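Assemble the whole structure, with the sequences as input and the hints as a guide.
Position one of the sequence shown corresponds to residue 1 (our numbering), numbered consecutively onward.
Just so you know, these hints were derived from the structure itself, not from any lab. Every value quoted in this text rests on a predicted model; they were computed, and no experiment measured them. Virtual Cβ for every residue (Gly too), placed ideally from N, Cα, C. There may be inaccurate statements among the hints.
Ranges between beta-carbon positions, derived for each pair [unchecked claim]:
id	residue 1	residue 2	range
1	G65	D20	53 to 59 Å
2	T69	D20	51 to 57 Å
3	D20	V76	55 to 61 Å
4	T2	P51	30 to 36 Å
5	D71	V6	58 to 64 Å
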Amino acid sequence: MTGKDVLIREFLKGKVSRRDFQNGLMGFGLSAVAAAALVDSTVRQAKADEPVTGGRLRAAFTSSGAGDTLDPTLIVGGADIGRAGLLYNRLIDYI
1 MTGKDVLIRE FLKGKVSRRD FQNGLMGFGL SAVAAAALVD STVRQAKADE
51 PVTGGRLRAA FTSSGAGDTL DPTLIVGGAD IGRAGLLYNR LIDYI
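Structure, rendered in structure tokens:
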């Protein structure tokens with residue numbers, strides 16, 4: 001295991017700060033840009049969770065009212081068009 005791998009493992013465990021991690025990578029000969037890119041990708045890998053199905057999507061529109069509908073055949077306003085576009089993924093063209 002290389003020193004860089006040890007540094008990455010310690011960073012993922014939270015034993016090394018982000019600044020020290022980046023400085024350590026530059027000490028191994030990586031440029032500041034390459035070190036920053038590796039820090040960013042390592043942080044994304046550490047925080048990524050497994051996707052789960054289900055859940056709830058909440059969307060708010062400023063012009064919502066009691067007459068709003070999810071029925072694509074009854075669309076009358078901009079909020080309905082936006083909502084239908086999000087839900088139905090443009091399966092129907094609303095012009």
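Hints the structure violates: just list their numbers, smallest first.
Result: no hint breaks.
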